[in-house]
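**Student:** At position 119 of the sequence shown the residue is numbered 119 (UniProt numbering), and the sequence of numbers has no breaks.
The set of hints was computed from the structure by calculation and includes no laboratory data. Ideal Cβ positions, reconstructed from N, Cα and C, are used throughout, including at glycine. Be careful, since some hints might not be right.
Cross-link-like lysine-lysine pairs, in silico, DSBU-like; alpha carbons within 30 Å at most [said to hold, decoys possible]:
no.: 1; residue 1: Lys235; residue 2: Lys215
no.: 2; residue 1: Lys235; residue 2: Lys102
no.: 3; residue 1: Lys235; residue 2: Lys103
no.: 4; residue 1: Lys247; residue 2: Lys215
no.: 5; residue 1: Lys29; residue 2: Lys247
no.: 6; residue 1: Lys102; residue 2: Lys113
no.: 7; residue 1: Lys103; residue 2: Lys42
no.: 8; residue 1: Lys102; residue 2: Lys29
no.: 9; residue 1: Lys215; residue 2: Lys205
no.: 10; residue 1: Lys215; residue 2: Lys149
no.: 11; residue 1: Lys247; residue 2: Lys205
no.: 12; residue 1: Lys247; residue 2: Lys33
no.: 13; residue 1: Lys235; residue 2: Lys28
no.: 14; residue 1: Lys215; residue 2: Lys33
no.: 15; residue 1: Lys113; residue 2: Lys103
no.: 16; residue 1: Lys235; residue 2: Lys205
no.: 17; residue 1: Lys247; residue 2: Lys113
no.: 18; residue 1: Lys247; residue 2: Lys28
no.: 19; residue 1: Lys33; residue 2: Lys102
no.: 20; residue 1: Lys28; residue 2: Lys205
no.: 21; residue 1: Lys215; residue 2: Lys37
no.: 22; residue 1: Lys215; residue 2: Lys113
no.: 23; residue 1: Lys247; residue 2: Lys235
no.: 24; residue 1: Lys37; residue 2: Lys149
no.: 25; residue 1: Lys247; residue 2: Lys102
no.: 26; residue 1: Lys149; residue 2: Lys205
no.: 27; residue 1: Lys149; residue 2: Lys113
no.: 28; residue 1: Lys29; residue 2: Lys235
no.: 29; residue 1: Lys235; residue 2: Lys37
no.: 30; residue 1: Lys113; residue 2: Lys42
no.: 31; residue 1: Lys42; residue 2: Lys29
no.: 32; residue 1: Lys37; residue 2: Lys205
no.: 33; residue 1: Lys102; residue 2: Lys149
no.: 34; residue 1: Lys29; residue 2: Lys205
no.: 35; residue 1: Lys149; residue 2: Lys33
Computed spacing ranges between beta-carbons, pair by pair [unchecked claim]:
no.: 36; residue 1: Pro43; residue 2: Ala77; range: 18 to 26 Å
no.: 37; residue 1: Lys113; residue 2: Thr231; range: 16 to 24 Å
no.: 38; residue 1: Ala21; residue 2: His196; range: 50 to 58 Å
no.: 39; residue 1: Ser57; residue 2: Thr231; range: 23 to 31 Å
no.: 40; residue 1: Thr231; residue 2: Arg71; range: 29 to 37 Å
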Amino acid sequence: MTLPVFSPAPTPVAGGGFDDADYDSFIKKVQAKTGIKLADYKPEQMRRRVSTMATRSGFHSFMAYYNAMERDAELLAGFLDKMTINVSELLRNPNRFDDLVKKVLPPLMAQRKNAALNIWSAGCSYGAEAYTLAMLMHEISPAVPHRIKGTDIDTEILARARDPRFNSADMLNISPERRAAHFPSAGADAWTSAPHLRSKCQFAKHDLLAGPYPKAEYDLILCRNVVIYFTDPAKERIYRGFYESLKPGGVLFVGGTERLSDHRAIGFELQIPFFYRKPL
1 MTLPVFSPAP
11 TPVAGGGFDD
21 ADYDSFIKKV
31 QAKTGIKLAD
41 YKPEQMRRRV
51 STMATRSGFH
61 SFMAYYNAME
71 RDAELLAGFL
81 DKMTINVSEL
91 LRNPNRFDDL
101 VKKVLPPLMA
111 QRKNAALNIW
121 SAGCSYGAEA
131 YTLAMLMHEI
141 SPAVPHRIKG
151 TDIDTEILAR
161 ARDPRFNSAD
171 MLNISPERRA
181 AHFPSAGADA
191 WTSAPHLRSK
201 CQFAKHDLLA
211 GPYPKAEYDL
221 ILCRNVVIYF
231 TDPAKERIYR
241 GFYESLKPGG
251 VLFVGGTERL
261 SDHRAIGFEL
271 QIPFFYRKPL
(Lines of atoms letter the chains of each structure in order from A and count residues from 1; the text may use other names and numbers.)
(Lines give C-alpha, C1' and ligand atoms only; values in the text may rest on other atoms or scores of the structure.)
Protein backbone atom coordinates (compact mmCIF):
# COMPACT_ATOMS: atom_id res chain seq x y z
CA MET A 1 0.00 0.00 0.00
CA THR A 2 1.13 3.52 -0.63
CA LEU A 3 0.81 5.82 2.33
CA PRO A 4 1.64 9.49 2.93
CA VAL A 5 4.64 10.16 5.12
CA PHE A 6 4.08 12.79 7.80
CA SER A 7 6.80 14.69 9.65
CA PRO A 8 6.90 17.16 12.53
CA ALA A 9 5.97 20.71 11.57
CA PRO A 10 8.93 22.85 10.55
CA THR A 11 10.07 25.81 12.62
CA PRO A 12 8.11 28.85 11.36
CA VAL A 13 10.12 31.09 9.07
CA ALA A 14 10.02 34.79 9.79
CA GLY A 15 8.09 36.51 7.03
CA GLY A 16 7.31 33.16 5.44
CA GLY A 17 4.14 31.89 3.81
CA PHE A 18 2.33 28.59 4.38
CA ASP A 19 -1.01 30.29 5.06
CA ASP A 20 -4.47 29.02 4.07
CA ALA A 21 -4.70 30.87 0.76
CA ASP A 22 -1.18 29.76 -0.17
CA TYR A 23 -2.02 26.12 0.56
CA ASP A 24 -5.32 26.27 -1.34
CA SER A 25 -3.52 27.59 -4.42
CA PHE A 26 -0.85 24.91 -4.05
CA ILE A 27 -3.23 21.95 -3.89
CA LYS A 28 -5.19 23.22 -6.91
CA LYS A 29 -2.01 23.59 -8.93
CA VAL A 30 -0.74 20.15 -7.88
CA GLN A 31 -4.04 18.51 -8.83
CA ALA A 32 -4.11 20.24 -12.22
CA LYS A 33 -0.52 19.19 -12.97
CA THR A 34 -0.34 15.69 -11.47
CA GLY A 35 -3.94 14.58 -10.79
CA ILE A 36 -3.14 14.06 -7.10
CA LYS A 37 -6.01 15.37 -4.95
CA LEU A 38 -4.30 16.64 -1.83
CA ALA A 39 -7.62 18.15 -0.73
CA ASP A 40 -8.88 14.65 0.04
CA TYR A 41 -6.16 14.06 2.63
CA LYS A 42 -6.55 15.22 6.21
CA PRO A 43 -5.48 18.86 5.82
CA GLU A 44 -3.41 19.37 8.98
CA GLN A 45 -1.29 16.30 8.34
CA MET A 46 -0.80 16.98 4.64
CA ARG A 47 -0.02 20.68 5.15
CA ARG A 48 2.58 19.74 7.77
CA ARG A 49 4.11 17.20 5.41
CA VAL A 50 4.32 19.56 2.42
CA SER A 51 5.55 22.56 4.43
CA THR A 52 8.34 20.39 5.85
CA MET A 53 9.34 19.32 2.34
CA ALA A 54 9.24 22.91 1.08
CA THR A 55 11.28 24.27 3.98
CA ARG A 56 13.92 21.58 3.60
CA SER A 57 14.19 22.50 -0.07
CA GLY A 58 14.75 26.16 0.84
CA PHE A 59 11.30 27.63 0.12
CA HIS A 60 9.19 29.72 2.47
CA SER A 61 5.73 29.29 0.94
CA PHE A 62 3.75 26.56 -0.74
CA MET A 63 3.50 28.44 -4.02
CA ALA A 64 7.19 29.27 -4.09
CA TYR A 65 7.78 25.53 -3.80
CA TYR A 66 5.27 24.76 -6.56
CA ASN A 67 6.64 27.42 -8.92
CA ALA A 68 10.10 25.95 -8.51
CA MET A 69 8.74 22.48 -9.32
CA GLU A 70 7.21 23.89 -12.49
CA ARG A 71 10.69 24.89 -13.63
CA ASP A 72 12.61 21.92 -12.28
CA ALA A 73 11.50 18.42 -13.32
CA GLU A 74 13.91 16.82 -10.85
CA LEU A 75 12.42 18.79 -7.96
CA LEU A 76 8.93 17.73 -9.03
CA ALA A 77 10.01 14.10 -9.26
CA GLY A 78 11.47 14.36 -5.76
CA PHE A 79 8.22 15.81 -4.44
CA LEU A 80 6.18 12.98 -5.96
CA ASP A 81 8.63 10.40 -4.66
CA LYS A 82 8.65 11.78 -1.10
CA MET A 83 4.88 12.18 -0.98
CA THR A 84 4.45 8.50 -0.29
CA ILE A 85 6.14 5.65 1.47
CA ASN A 86 5.33 2.04 0.70
CA VAL A 87 4.73 -0.02 3.81
CA SER A 88 3.95 -3.68 3.35
CA GLU A 89 5.13 -7.22 3.98
CA LEU A 90 4.07 -10.72 3.05
CA LEU A 91 1.24 -12.05 5.23
CA ARG A 92 0.97 -8.79 7.15
CA ASN A 93 -1.24 -9.28 10.25
CA PRO A 94 -1.33 -13.09 10.07
CA ASN A 95 -4.37 -13.38 12.35
CA ARG A 96 -6.49 -11.40 9.90
CA PHE A 97 -5.39 -13.61 7.01
CA ASP A 98 -6.19 -16.63 9.17
CA ASP A 99 -9.75 -15.27 9.44
CA LEU A 100 -9.80 -14.81 5.68
CA VAL A 101 -8.74 -18.40 5.05
CA LYS A 102 -10.96 -20.06 7.66
CA LYS A 103 -14.06 -17.87 7.86
CA VAL A 104 -14.38 -15.80 4.70
CA LEU A 105 -13.00 -17.67 1.69
CA PRO A 106 -14.72 -21.05 2.27
CA PRO A 107 -18.30 -19.70 2.20
CA LEU A 108 -17.39 -17.33 -0.62
CA MET A 109 -15.95 -20.15 -2.72
CA ALA A 110 -18.94 -22.38 -1.94
CA GLN A 111 -21.27 -19.58 -2.95
CA ARG A 112 -19.43 -19.19 -6.27
CA LYS A 113 -19.48 -22.99 -6.78
CA ASN A 114 -15.80 -23.08 -7.76
CA ALA A 115 -16.24 -20.41 -10.42
CA ALA A 116 -13.26 -18.13 -10.98
CA LEU A 117 -12.71 -15.63 -8.20
CA ASN A 118 -11.77 -12.05 -9.05
CA ILE A 119 -9.75 -10.39 -6.28
CA TRP A 120 -8.60 -6.78 -6.03
CA SER A 121 -5.68 -5.65 -3.87
CA ALA A 122 -6.28 -1.87 -3.77
CA GLY A 123 -3.23 0.21 -2.84
CA CYS A 124 -1.05 -2.82 -3.45
CA SER A 125 2.36 -1.12 -3.12
CA TYR A 126 5.11 -3.49 -4.31
CA GLY A 127 2.82 -6.52 -4.46
CA ALA A 128 3.32 -8.22 -1.10
CA GLU A 129 -0.41 -8.43 -0.42
CA ALA A 130 -1.23 -9.69 -3.92
CA TYR A 131 1.40 -12.44 -3.71
CA THR A 132 0.22 -13.33 -0.21
CA LEU A 133 -3.26 -13.89 -1.65
CA ALA A 134 -1.86 -15.95 -4.50
CA MET A 135 0.03 -18.12 -2.00
CA LEU A 136 -3.04 -18.67 0.18
CA MET A 137 -5.30 -19.46 -2.77
CA HIS A 138 -2.75 -21.96 -4.06
CA GLU A 139 -2.61 -23.65 -0.66
CA ILE A 140 -6.38 -23.67 -0.12
CA SER A 141 -7.44 -24.98 -3.49
CA PRO A 142 -5.06 -24.68 -6.43
CA ALA A 143 -7.74 -26.05 -8.74
CA VAL A 144 -10.07 -23.10 -8.14
CA PRO A 145 -9.37 -20.50 -10.84
CA HIS A 146 -8.71 -16.99 -9.61
CA ARG A 147 -7.32 -13.67 -10.77
CA ILE A 148 -5.67 -11.12 -8.48
CA LYS A 149 -5.37 -7.52 -9.60
CA GLY A 150 -3.12 -5.17 -7.66
CA THR A 151 -3.49 -1.42 -8.18
CA ASP A 152 -1.64 1.63 -6.93
CA ILE A 153 -1.21 5.26 -7.96
CA ASP A 154 2.60 4.92 -7.96
CA THR A 155 3.84 3.63 -11.34
CA GLU A 156 7.38 3.01 -10.09
CA ILE A 157 6.16 0.81 -7.26
CA LEU A 158 3.97 -1.10 -9.71
CA ALA A 159 7.07 -1.89 -11.76
CA ARG A 160 8.58 -3.39 -8.60
CA ALA A 161 5.41 -5.43 -8.05
CA ARG A 162 5.69 -6.97 -11.51
CA ASP A 163 9.26 -8.09 -10.77
CA PRO A 164 9.26 -8.39 -6.98
CA ARG A 165 12.18 -8.62 -4.63
CA PHE A 166 11.39 -9.36 -1.00
CA ASN A 167 13.88 -9.03 1.85
CA SER A 168 14.05 -10.68 5.26
CA ALA A 169 11.71 -8.06 6.77
CA ASP A 170 9.10 -8.90 4.14
CA MET A 171 9.53 -12.58 4.97
CA LEU A 172 9.03 -12.18 8.72
CA ASN A 173 5.70 -14.04 8.76
CA ILE A 174 6.58 -16.60 6.08
CA SER A 175 7.65 -20.01 7.40
CA PRO A 176 10.71 -21.73 5.92
CA GLU A 177 8.37 -24.29 4.35
CA ARG A 178 6.31 -21.62 2.63
CA ARG A 179 9.42 -19.77 1.56
CA ALA A 180 10.78 -22.90 -0.09
CA ALA A 181 7.47 -23.60 -1.82
CA HIS A 182 6.59 -20.12 -3.07
CA PHE A 183 9.53 -17.70 -2.91
CA PRO A 184 12.78 -18.78 -4.56
CA SER A 185 16.01 -17.04 -3.67
CA ALA A 186 17.02 -14.04 -5.78
CA GLY A 187 20.37 -13.36 -4.15
CA ALA A 188 21.62 -12.29 -0.73
CA ASP A 189 18.68 -11.34 1.50
CA ALA A 190 16.37 -11.39 -1.54
CA TRP A 191 13.52 -13.58 -2.66
CA THR A 192 11.13 -13.36 -5.56
CA SER A 193 7.73 -14.91 -6.27
CA ALA A 194 7.46 -18.30 -7.93
CA PRO A 195 5.89 -18.56 -11.41
CA HIS A 196 2.72 -20.19 -10.02
CA LEU A 197 2.13 -17.01 -7.99
CA ARG A 198 3.07 -14.54 -10.70
CA SER A 199 0.74 -16.17 -13.18
CA LYS A 200 -2.21 -15.26 -10.95
CA CYS A 201 -1.29 -11.59 -10.39
CA GLN A 202 -1.49 -8.55 -12.60
CA PHE A 203 -0.85 -4.91 -11.74
CA ALA A 204 -2.23 -1.62 -13.01
CA LYS A 205 -2.38 2.04 -12.07
CA HIS A 206 -5.53 3.24 -10.30
CA ASP A 207 -6.27 6.31 -8.21
CA LEU A 208 -8.70 5.46 -5.41
CA LEU A 209 -9.64 9.12 -5.04
CA ALA A 210 -10.40 9.72 -8.70
CA GLY A 211 -11.74 6.32 -9.74
CA PRO A 212 -13.32 5.00 -11.86
CA TYR A 213 -14.75 1.98 -10.05
CA PRO A 214 -15.99 -1.02 -12.06
CA LYS A 215 -19.49 -2.35 -11.48
CA ALA A 216 -19.96 -5.75 -9.82
CA GLU A 217 -16.60 -7.13 -10.98
CA TYR A 218 -14.91 -8.47 -7.83
CA ASP A 219 -15.61 -11.24 -5.33
CA LEU A 220 -13.07 -9.98 -2.78
CA ILE A 221 -11.47 -6.55 -2.32
CA LEU A 222 -8.62 -5.85 0.07
CA CYS A 223 -7.89 -2.24 1.00
CA ARG A 224 -5.92 -2.32 4.23
CA ASN A 225 -4.31 0.67 5.97
CA VAL A 226 -4.53 2.75 2.80
CA VAL A 227 -7.31 5.27 3.44
CA ILE A 228 -6.49 6.14 7.05
CA TYR A 229 -5.07 9.55 6.12
CA PHE A 230 -8.01 10.55 3.92
CA THR A 231 -10.83 12.84 4.97
CA ASP A 232 -14.10 11.21 6.00
CA PRO A 233 -15.92 12.30 2.80
CA ALA A 234 -13.09 10.84 0.70
CA LYS A 235 -13.25 7.57 2.65
CA GLU A 236 -16.98 7.32 2.09
CA ARG A 237 -16.56 7.84 -1.67
CA ILE A 238 -13.95 5.08 -1.77
CA TYR A 239 -16.03 2.63 0.27
CA ARG A 240 -19.07 3.32 -1.89
CA GLY A 241 -16.88 2.69 -4.92
CA PHE A 242 -15.81 -0.64 -3.46
CA TYR A 243 -19.43 -1.54 -2.76
CA GLU A 244 -20.31 -0.92 -6.40
CA SER A 245 -17.27 -2.93 -7.51
CA LEU A 246 -18.23 -6.03 -5.52
CA LYS A 247 -20.49 -8.70 -6.88
CA PRO A 248 -23.49 -9.56 -4.66
CA GLY A 249 -22.11 -11.68 -1.81
CA GLY A 250 -18.62 -10.20 -2.28
CA VAL A 251 -16.47 -9.13 0.66
CA LEU A 252 -14.38 -6.04 1.51
CA PHE A 253 -11.38 -6.70 3.80
CA VAL A 254 -10.05 -3.59 5.61
CA GLY A 255 -7.08 -2.92 7.88
CA GLY A 256 -6.74 -3.48 11.60
CA THR A 257 -7.06 0.23 12.42
CA GLU A 258 -10.09 0.79 10.20
CA ARG A 259 -13.82 0.54 10.72
CA LEU A 260 -16.74 1.40 8.45
CA SER A 261 -18.85 3.18 11.03
CA ASP A 262 -21.62 3.80 8.50
CA HIS A 263 -21.37 0.47 6.69
CA ARG A 264 -25.13 -0.10 6.82
CA ALA A 265 -25.78 3.25 5.15
CA ILE A 266 -23.53 2.18 2.29
CA GLY A 267 -25.20 -1.23 2.10
CA PHE A 268 -22.61 -3.50 3.71
CA GLU A 269 -23.26 -6.04 6.44
CA LEU A 270 -20.51 -6.91 8.92
CA GLN A 271 -19.51 -10.54 8.38
CA ILE A 272 -16.80 -10.64 11.06
CA PRO A 273 -14.55 -7.81 12.30
CA PHE A 274 -12.66 -6.20 9.38
CA PHE A 275 -14.75 -8.04 6.77
CA TYR A 276 -17.78 -6.37 5.21
CA ARG A 277 -20.13 -8.25 2.91
CA LYS A 278 -22.30 -6.98 0.11
CA PRO A 279 -25.64 -8.81 0.50
CA LEU A 280 -26.77 -11.26 -2.16
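**Student:** If a hint holds in the structure, say so; if it doesn't, say that too.
**Tutor:** Against the structure, the hints come out as follows:
| no. | hint | in the structure |
| --- | --- | --- |
| 1 | Lys235 <-> Lys215 | holds, 18 Å |
| 2 | Lys235 <-> Lys102 | holds, 28 Å |
| 3 | Lys235 <-> Lys103 | holds, 26 Å |
| 4 | Lys247 <-> Lys215 | holds, 8 Å |
| 5 | Lys29 <-> Lys247 | violated, 37 Å |
| 6 | Lys102 <-> Lys113 | holds, 17 Å |
| 7 | Lys103 <-> Lys42 | violated, 34 Å |
| 8 | Lys102 <-> Lys29 | violated, 48 Å |
| 9 | Lys215 <-> Lys205 | holds, 18 Å |
| 10 | Lys215 <-> Lys149 | holds, 15 Å |
| 11 | Lys247 <-> Lys205 | holds, 22 Å |
| 12 | Lys247 <-> Lys33 | violated, 35 Å |
| 13 | Lys235 <-> Lys28 | holds, 20 Å |
| 14 | Lys215 <-> Lys33 | holds, 29 Å |
| 15 | Lys113 <-> Lys103 | holds, 16 Å |
| 16 | Lys235 <-> Lys205 | holds, 19 Å |
| 17 | Lys247 <-> Lys113 | holds, 14 Å |
| 18 | Lys247 <-> Lys28 | violated, 35 Å |
| 19 | Lys33 <-> Lys102 | violated, 46 Å |
| 20 | Lys28 <-> Lys205 | holds, 22 Å |
| 21 | Lys215 <-> Lys37 | holds, 23 Å |
| 22 | Lys215 <-> Lys113 | holds, 21 Å |
| 23 | Lys247 <-> Lys235 | holds, 20 Å |
| 24 | Lys37 <-> Lys149 | holds, 23 Å |
| 25 | Lys247 <-> Lys102 | holds, 21 Å |
| 26 | Lys149 <-> Lys205 | holds, 10 Å |
| 27 | Lys149 <-> Lys113 | holds, 21 Å |
| 28 | Lys29 <-> Lys235 | holds, 23 Å |
| 29 | Lys235 <-> Lys37 | holds, 13 Å |
| 30 | Lys113 <-> Lys42 | violated, 42 Å |
| 31 | Lys42 <-> Lys29 | holds, 18 Å |
| 32 | Lys37 <-> Lys205 | holds, 16 Å |
| 33 | Lys102 <-> Lys149 | holds, 22 Å |
| 34 | Lys29 <-> Lys205 | holds, 22 Å |
| 35 | Lys149 <-> Lys33 | holds, 27 Å |
| 36 | Pro43 <-> Ala77: 18 to 26 Å | holds, 25 Å |
| 37 | Lys113 <-> Thr231: 16 to 24 Å | violated, 40 Å |
| 38 | Ala21 <-> His196: 50 to 58 Å | holds, 55 Å |
| 39 | Ser57 <-> Thr231: 23 to 31 Å | holds, 26 Å |
| 40 | Thr231 <-> Arg71: 29 to 37 Å | holds, 31 Å |
Of the numbered hints stated above, those contradicted by the structure are hints 5, 7, 8, 12, 18, 19, 30 and 37, listed in ascending order.
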